[in-house]
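> Based on these hints, arrange chains S and W on the given structure of chain F.
Residues per chain are reported as follows:
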Amino acid sequence: MAIETQPERAEPTGRGPGPAGTGERPWWLRMGAHTGVIGAVAGYFLGHWLGNFLGGDFARSALANQNNVAIVLGYAFAVIGWLAGLGVFNDLFLLMQGKPIPEEPRFLGKEDSGLAKFFRFTLDHKVVGIQYLFGMVTYFLTGGLFAMAIRTELLSPSYHIIGPEQYLMVVGEHGTMMMMMMSSVVLGPFGQYFGPLMIGSKRVAFPRLEALGFWLTPAAYVILLSAVLFGGFPTGWTGYEPLATQATSGMDAYFFAFGLMGISMILAGFNMIVTIINYRAPGMRWSRLPMFVWSMFTVSFLQVLAVPVLVGACYMGLTDRTFQTAFFTNQLGGSSFLYQNLFWFFGHPEVYILALPGFGVISEIISVFCRKPLFGYKVSVAGMLGVGVLSFFVWQHHLFDSGINPDMRPLFMLTTELISIPTGFIFLVAMGTFWKARIRFSIPMLFALAFYFNFLIGGISGVFLSDVPADTTEHGSFFVMAHFHYTIMGGLIFAFMGGVYYWLPKMFGIKLNETLGRIHFWTMFIFFNTTFLPLFALGMLGMPRRVFTYARNLETLNDWVSISAFLLGGSILIFLINFVMSMTFWRERAAGNPWRARSLEWQLSTPPPPENFKRVPVILAGPYDYGVPNALPVADLSPPPGVIGSAYAPVTGGLEG
Amino acid sequence: MSSAEIPAPDRQQAAEHDSRRTWWLIAAWLALSLAAGLVIWFVWYPHLPPGDMTSSARHQQFDIAVLAISAAPVILGVFLYFGYVLVVFRARPGDDSDGTPIFGNVKVQATWIIGTSAIVLWLFVFGTVELIVPAGAGAGEGASPIWKLPGAKTASWTPGADDMLQVQVIGQQWAWTYRYPQFGGMESTVLDLPVNTPITFHVTSLDVIHSFWAYLLGVKADANPLVDNVAYTMARQTGPFTVRCNELCGIWHGAMTSAGNVMSQTTFKLWATAVQAREKADGVLAALPAYALTYDPTVIPQLGKDLVNVAGITGAPGYYYGPGNPVTP
Amino acid sequence: MSVTARAAVLIVAFLCVVGVVVFVALYYIGSASQLPTVAYKASDGQVHVVLQEDPGNNSTTTPSWVTYYTQDPTTKQWLHTTLFSVPADTRVDVTIYGYDGCTPLRNNYWGQVQGTLGRVVTVRQFDKNNHPLGSPVTTSLINSWAHCSVGHTFAIPDLGIYVPVASPNAQNSVNNLCGTFPCTPTSGGAYAVETFSFISPSKTGSYRWQCLIPCGGGFLNGNGGPMQTLGWMAGFMDVVAT
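Chains as they are written, first to last, in my numbering: chain F, 47 to 703; chain S, 18 to 346; chain W, 18 to 259.
Pulled out of the complex, with its shape left as it was, chain F reads as follows (with noise of 0.2 Å):
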């Protein structure tokens, strides 16, 4: 029997006179996006001109006709001007000047009300959350469009609809888009909004970083859209040297906003890392920790470790592309080896970055739909951690058929086959927790079986591409296509749609309408797999990747995955429909705790309290206490007074608090 906690009540907050709520000025006069916009065109125009003062007398900026410095100076003091228009630098000033910066509005009770507070610098966790749930279902949108125009170009190997060049731009824009702005596709959302209050604190350790992890996506984002006006970049999102130097303006753009994406991934890491470690409130043992938290907590790790190479990648390519230094071009004592090496050394545990927090949503979707506790936490836990550190250690099998030496590939057959070995952890707890349950085929509960379902795919195509006489064949076809199509939007994907049908009603005390949801669930099931299985079978039978020609007798199968695939853009296109519907028009109210779950950020109001929690809760349980008769609930959170006292340090005032 489940004891359950009522949800508190959201109590009103001090709110000041004036219509927006702060009793200041109206939202036009006061920073935000608009300013950021501003700023951001006037830093571009500066930035190109000093580019074009610094570079344009370069002799081949007269024979190719594009001058990369004043692109990428533009683009740079295009993202300061963004950023100072949105007052990211404002109590960076009020430091300068030895004044104090001021606290965050919600702890003084001065929270904005209506939509204005979406579009400015905020330093609430749960406004940064939503920001960035928006921002990823319109960048995920974007890539997806630009995915159902590649399978347009791939209906016939003889008839084409656009240009080659036009089709690499169309190809790299939607793998730039998906690998690069969806790595924070469930983090942002959903770890930012309730990383905090599944551990028990009122808020992050770096709001400023945070906020600026976020504002950094949009600026990627329409720098890496940029490009298409430039004529695209032709090298796919690996960006492989040296044809990236060679190429047009375009992919100076691709560079830039990686780089830019990855500096918001090491900020946002950062963040969550010190957060987990130090805000963690009293009783909220490791051991306690929600499973969801713990999959944060190893990505960002991985980000912090692993993005800065990128960071590096890339500006080292800017450079060869725009000083003319020679890092990746082997006539002139450079190396494309080289490139290739930094950029799969985080290219692997991105793609584990991208995958971890699926596993971690879905450890918490199954537990409460299962109703039962989740089977081998510990082995969970070692599960996500063994990837983690285990995914620096596998780089090497996307390059065994690259030229390098030979001599190391038993090694990275070995250690990426282990990887199979924490992997297949995730798999043994499912499995435990539904022996014996009272499993609740609900919306998430579905996604969360599409997830393992597609995961299981997805990770055995892993192991077949990791054995290196197996690879000979499958690397760089269409086989390596369909096995990250499987774990990336087979597994996170799923499980981000899972986490948005779960939490949406805690964010905005609304359900996402149950009919539409259903429809969405099986149209996207049923589609995704018509689409990308027989793309194994199409690699298998000779189709290398990011081809707009392909031999005759694969026509058919390429026409049944296009034709596929735009069902599948139509199921998205349902969710899309919902979602929006749901927000705005039908709002079908949920109870505080529609799930009946135990984690605590069930047991907050809906939605929660600006400050989080009114007091510092004691945790007195873990969250998977299901079934367990007379189970103590998860958290006590009105404490008495005096409990807390000394020991802790108040939460709000100071710099540090």
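Note that these hints are calculated values from the structure, not bench results.
C-beta atoms are modelled at their ideal positions from N, C-alpha and C, and glycine is treated no differently.
Any given hint could be a false lead.
Stated by the list, open to error - EDC-like cross-link-like pairs, simulated, lysine to aspartate or glutamate; straight-line CA separation at most 16 Å:
hint, chain 1, residue 1, chain 2, residue 2
1, F, K482, S, D180
2, S, K286, S, D180
3, F, K482, S, D113
4, F, K482, S, D35
Claimed, not checked - To list a few chain F residues with every Cβ distance to chain W over 12 Å, as calculated:
hint, residue
5, N136
6, L191
7, L201
8, P280
9, N324
Here is chains S and W on its own, set in the frame of chain F:
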């Protein structure tokens, strides 16, 4: 109704019922795995890509079949289990209770860890053996290959003897050419190969990264500028094949294909000597650079005097055209 | 939020999305269809394709890029495109005016003529005052490393046609190239005229053609920029039913 509330004799009956069901599940799993293994081995294996045209392709085909047989029990096991639990343990309508609180089971966890580790170790050993035995399994091994095919490296190639045929694959944007050093360094746009001969491919590039992939040949080796990437195979059947570029190299990457043929040894020797003779007569052989394992196109020692003296050109500008180059405006 | 505010947000969001989609679609369709396809029709069972390659061009954004021009058979105008169509199973006579200066081939193998009738090309050089320099030369190999006489190449790899395109020789290349584009024989630049023939295939479709020599000045390996852009140094030859 949690297990704590079931009366004792019913609980024992339920436990026996559970273990009977578990044994049935395991039996079904074993039977299905066996069936899947047999189907994979006898029905699918003969038709698996990359086929059996060459030694490396055959070994890859065998390797993929064994991987599939090893993976089938895992996939079947997980699917069967999920199918079972989703039916048996679903919440009946109106049932609001919790499941049985099982926090872990050391025996189950240990069995799982040992089992998965055993499978992984088996795959590693098998994969390494399959990598070494077919001389690198057709994968490009770089400039210092470790696993080589046996065969005499001779200056000219004779059919019938166990001579290794050397073929250099040159990738350039966006066409493949092939040089045969044992035939005077003659170059061709068609890859013709003799059957039942050990073949060494030396794959290199003149500009960006390409990748030489003929899937029926079971060979894949990246072409990097100034890098010699060696791959081995031996063709066992005659027939045509297509060479595709497997690493994105610019606008025509998708169309960078080339035709190839495996033919009998005598036919091959006739073809190669004929091309060599024709290119010699046309002056093409003299115009080509000396055969080398890599080429730096920025340096062309053969440039005629008029180019150097009159036009001031010192080499095909492999890098950015220097400002002093009067030819390109 | 009130109903009107919500409706307003929804409509604005929808319009933004639709606007972006329309813009992107128009951009792609627009840019892809901006290139005209020059249709060559057969007369007496033969087709005469006329191309030229220039050291610069008349565009505003990238005037330094080398490029091909295709001549419209009816208006005799030089169009800035690389898309043309020929009928199937027909003898195609190609004339290429080479106005760009000479550069050594990256792979001298491409100096060998392949796939044309007789496996030869015929070349004639002209100086900047449009006077011929010597008589036409028919050859099957132009060695760009021994003497300076190749400007670009013309290759249709799917048909096995690889032809080096002749350029003004070394003495003529220095400061003698035409400066107004598209060039004509009287523009004041030296040039070379090359002719060859081949039989178009019976299978209809789009056959890509490209230049196989570094020509993208300012780009690494000379293979960037115009080399990788349709309408400049890369194109399609459509073979259509007669």
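> Hint by hint, where does the structure go against what was stated? Just the numbers, ascending.
1, 6 and 8
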